[in-house]
Structures are given as C-alpha cells and as structure tokens.
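Make the full structure from the sequences, and use the hints.
2 protein chains.
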Amino acid sequence: MNIGLDMMGGDFAPREAVKGIQLYLNENPSASVLYATGDETQLQQLFQEFSIPSSSVKIIHAPQVIGMDEHPTKALKEKQQSSIAVGFHLLASGKIEAFISAGNTGAMMIGALYSIKAMDGVLRPTIATIIPKENGGSGLLLDVGLNADCKPEHLNQFAILGSLYAQHILGINNPRVSLINIGEEEGKGNLLAQAAYPLLKENTPINFTGNIEGRDILIDKTDVMVCEGFTGNIILKLAESLYEIAKQKNINNEYFERFNFENYGGTPVLGVAKPVIIGHGISQAKAFKNMIVLAQKMIETDLMAKMKASFKQD
Amino acid sequence: MNIGLDMMGGDFAPREAVKGIQLYLNENPSASVLYATGDETQLQQLFQEFSIPSSSVKIIHAPQVIGMDEHPTKALKEKQQSSIAVGFHLLASGKIEAFISAGNTGAMMIGALYSIKAMDGVLRPTIATIIPKENGGSGLLLDVGLNADCKPEHLNQFAILGSLYAQHILGINNPRVSLINIGEEEGKGNLLAQAAYPLLKENTPINFTGNIEGRDILIDKTDVMVCEGFTGNIILKLAESLYEIAKQKNINNEYFERFNFENYGGTPVLGVAKPVIIGHGISQAKAFKNMIVLAQKMIETDLMAKMKASFKQD
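Residue numbers (the working numbering), protein chains in the order written: chain P, 1 to 314; chain F, 1001 to 1314.
Hints were generated in silico from the structure; no laboratory data involved.
Hints are not guaranteed to be accurate.
[Unchecked claim] Partial selection, computed: residues in chain F whose CB lies under 7 Å from chain P:
1. PRO1029
2. VAL1057
3. ASP1149
4. LYS1151
5. ASN1190
6. LEU1218
7. ASN1233
8. ILE1234
9. LEU1238
10. ILE1245
11. LYS1249
12. TYR1255
Here the structure is a predicted model, which is why all the values come from computation and not from measurement.
C-beta atoms are modelled at their ideal positions from N, C-alpha and C, and glycine is treated no differently.
In structure tokens:
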C-alpha cells in the first residue's frame, strides 16, 4: 500500500509526524510505503535522527507550507508546491491510495472535495468521528461539521456512509443506525429530522433503529448516529472537552481517557472517491500513527469500492 | 407570595411533592402560601403524615390527573378538573403568582402558551436550563427544546430573556451572552447562526461576546448560551447523562454531581406573562423544593416585569 502523509501540517509538524511514522513502522514494518510530502532537507535530517528506513518512506519534496490560518481556497490555489497540494496531486494521479494531514482543515476539505471529488451519487461528502460508549464500545457520529445545513436526503446518505464505515472499519456487524433527535417517536424533532425519519425508515440497506436523544449518545444504544453538521460539531467538541475536564479534575477514569482524540487519530472524509484523513492541528506522534493505521485499514477493506457500490444501486 | 404546585404530576407524585413542600417550609417557614392542586382526600392524609401546617398550604381540589403519556392539547381541554388545568386557572385569574408541575411536559407547555400566553412583543417563549461550569459557576442554556426550528430574531429574543434571567435569578452581573456555533469568527456556522450573529451584535441591551463552540459549553467562557431548541435539547440531555455515567463508574466528583437535575429543580418557561416552572417527570423531594424556591425568586425579583419592560422598548 502507498499512503501519503503531509509532514508539515499541524502544530507539532514535522517532528511529531516523523515520530508517528516511527511508531507505525515499529508495529507494521512492511505493510505500506509512506509518501512523505514536505521539505526534503528537513525531513531527511529527521528521518536519519529517528532511524526511519528509506525503504519504507519516500520523501516527496514540497517546499511550500499552507499555514493553519491561511484562507483554504486561496492557499491551495496559490501554493501548488505545498505539502497539502502535492499530496492531493499524488492521490489524484493514483501514486498514493490515501492521503493524511493534520494541517489546515479547510484546505484539506477543499482538496478532498475539488481535487478528489465526491463519489458518483453522493450529494455531500461528510466527516465522522468516533464517540466512546460508556460500556467500552464505540459509536460513529456524522456529520461533525462539514455540512452545517443539510437536507433530509443528505442525512439519509450519511447513514449509508456511516453504516459501511462502522461495518468495515469499526468491525460492527449489521450496525444499528439512528437519527439524533429530541424525542424518541417518529414525528418528533425539527423539520429536518421529521423529514429525514421516513427516508431512513425506507432505506433498506441500513439497519435503522429510529431516533436517539442526547442522553443516548454516550451509551450503547446504537452504533451510527446521524445528524447535520451543526449539532454534530457541537457534540464532538463537547465530548472532546470531557477529556480535558476530567484531566484537570484529576479524574483518572478509563472512560474519560477515551475522549482523548489522539486515540482515534483523525477524521475520515467519507463520500469522496479516495481515502482522505484529516487530523487535529494539535496531533502528536500517537495521532499520526493512528491516522496511518486508519488509512491502511480503509485501503485493506476496500471501503471506497463498497461505498461506490452502495450508491450505484440508487 | 402565593405559589401553585401540581401535586399529582411526576412519577413520584404526590408523596415526593409533599416531601418537597416539607423541605421548603423547613427552610422558608412563612415566605409563601402554597396552593396545592390535586386530590383533596389523598393530600389531606399526606399533609397530616408529614405534619404540613394548614396555614402554609391550601389544598385546591382537582379530582382529575393528566397522565404522563396523554396527548397534551386533548388532555388539557378534556380534563378541566385536572391538577394542571386547575393550576393554570388559578394562575390566569391571579390567585397564584407562579405555577409549578412535574407532570405532563406537553400539557404544561400548552397551558403556559395558551392559558397564560406570551408577553407582548415576545415571538416565541422558550425554556432554559442551568449548565454547571467546571470552575464552579453556572451558565444558562436556551432554548432547550421548546422551539426546534428557529428564526434569527427568535435567538435574539432568547438572548434578552436569558440575560435577564441570568442577572436576576442567577445573580450574574452584566452576563456575557454568546451564540453557540461551530466556529469562533463572525460568518461561521449554519444559515441560522450566520444570520443571528449580526442581530445579537446590534442588540445593545445585552452583553454579546460572540460565538462559542461545543468545547466552551462546560467552561467559564460565557454566562448565557443561545441556540435553537434542537441543538439545545441534545446538549441538555447529553449533559444530564454525564451524571448517570459518572455515578455508574463510581466517579465521585463534585463537578459531575452537579449534573444531577435535582439540584436545579425545574425548567422555567421564559417569555410567558407569568412564572411557570416545569419539572422533570422523575422529580423527587429536593427537585420539588428547588422548584418552589425558584418560583419564589422569580416573584421576589419581579423578573416578569423586567422582561416585559425589555420587550416594550422594542
């Protein structure tokens, strides 16, 4: 497998990205070849320092960097030699099978949507996150911020994408799919949720189990939780803050430890034609390693083909 | 003060409501006269059992009960002798100055909106909840479910109502008011948040401090957090579940203890002409006591007059 990694993205790049590669290669010595986009001189020195074998990592020189606060569209257009733009060129041309970055989130989104593009039939690609369940399991929440305003058919498509991701990546057999809502019965909710419910009910390829409420998000009542990106983003960031709060209050509990985003690495962009994974700006070694592992899994399971097949049937 | 209390509402009524009255009277022996609506015979026995002095509590006989699962509009119309309907008659006629119930939430809403009605100028009454902040303070979140779909001007009015509540009931001087959003800068968010931001910015009677994100909800970054009722309800129920989860995991931390809704009692309906407080169905003695304390505070501070004055200036 050929996996691309932006070495210059994120607050602790490139050093933590290199350390992430080291962690990954320790556990997966010959599974993949990594294509590291970034400044060649800097990377060569770091790879030497961390004894990264050149057989496992190819440096693809990219002299420019898109800053975390740059305007995404403008930066991506003007900085064709940036580590993100170069990564998307590699992905579009087929030289790599997945691309990962903890850099400018907007630029990664724009790259995924316009350089890679949505799968045929997918109206709106989406981003998802893992939500730790209090019984030890994991749920998938989507959309978590890419689509702040949605139509019912968008939610219905998120349900399909999320269901396939839960099945193939999280290993959940016949995942339960639910609509996040403010009441349990059909007919409850805002106009969007009211209109999405019947679509989800008739969406036979998924195992729709109805509405869930806010109190069900952290418990094992469902596997895939669907909502528009406004609510989803609020839930995601509220959940992430629980890790910080628990740490600050010296609550040493395994459950709240699981709200540390480093455990999951990054957010996959679902519904685009190729695997794209976006990391948190404050990603460190463990997060980078986990993003590479996730990319590997998305390639190994041929998740993209499965998603494409789902939308071709429509 | 004359405060009305539905004795038949909630899963543990009337016994826990009676115990709540006892707790309240122990702490506030002669502040109020309570008007207890419900079955006279049953209540007389319980008041005797708990030694509730008849000088402090008047029983208003209401032979009917609206069940927790009954259709609100239908039940309220057909059961004119129910403890909820009788309470609203007392409130509308001025015999009581506030009305409290832990019974059928829908019936309480309908009663508040149609029997008491919105204040002049208020487009949509709203419901609010206290959110415990990790530094020990308290924030106010609204709307938490009454208005699942909102227009920008509704959010702008919630900001005024919430600001006055925070000032007079929570005792926060010049409360910071923020818009819940998925980004910090103006222009971020869904269409509703984008359109609400400029209204809030120009709303000079409030101290608008801009957007907050999901990660700011539990920290002391703001006092009043405004959103539509869909997102607000998800946040509220997610927050409530933290108490249960912490308890189940034997995390004995003061902070998570504060997510126990019993500490707050009930949810005030803001923007209606008279104080109406709706309790959780599973309210017990402490929650009933706290709802009576809240009603007393709403009357003492003349919150309704302050709200009415705010909307008259518009």
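Consistency of the hints with the structure:
1. PRO1029: 37 Å, violated
2. VAL1057: Cβ of VAL1057(F) sits 34 Å from chain P, so the hint is violated.
3. ASP1149: 5 Å, holds
4. LYS1151: 12 Å, violated
5. ASN1190: Holds, because the Cβ-Cβ distance from ASN1190(F) to chain P comes to roughly 4 Å (cut-off 7 Å).
6. LEU1218: Cβ of LEU1218(F) sits 6 Å from chain P, so the hint holds.
7. ASN1233: At 4 Å from the nearest chain P Cβ, ASN1233(F) passes the 7 Å test, so the hint holds.
8. ILE1234: Since chain P brings a Cβ to about 4 Å from ILE1234(F), closer than 7 Å, the hint holds.
9. LEU1238: At 4 Å from the nearest chain P Cβ, LEU1238(F) passes the 7 Å test, so the hint holds.
10. ILE1245: 5 Å, holds
11. LYS1249: Check passed: Cβ of LYS1249(F) comes within 6 Å of chain P, closer than 7 Å.
12. TYR1255: Nearest chain P Cβ about 6 Å off; hint holds.
Figure legend: structure checked against the earlier numbered hints; hints not met, in rising order: 1, 2, 4.
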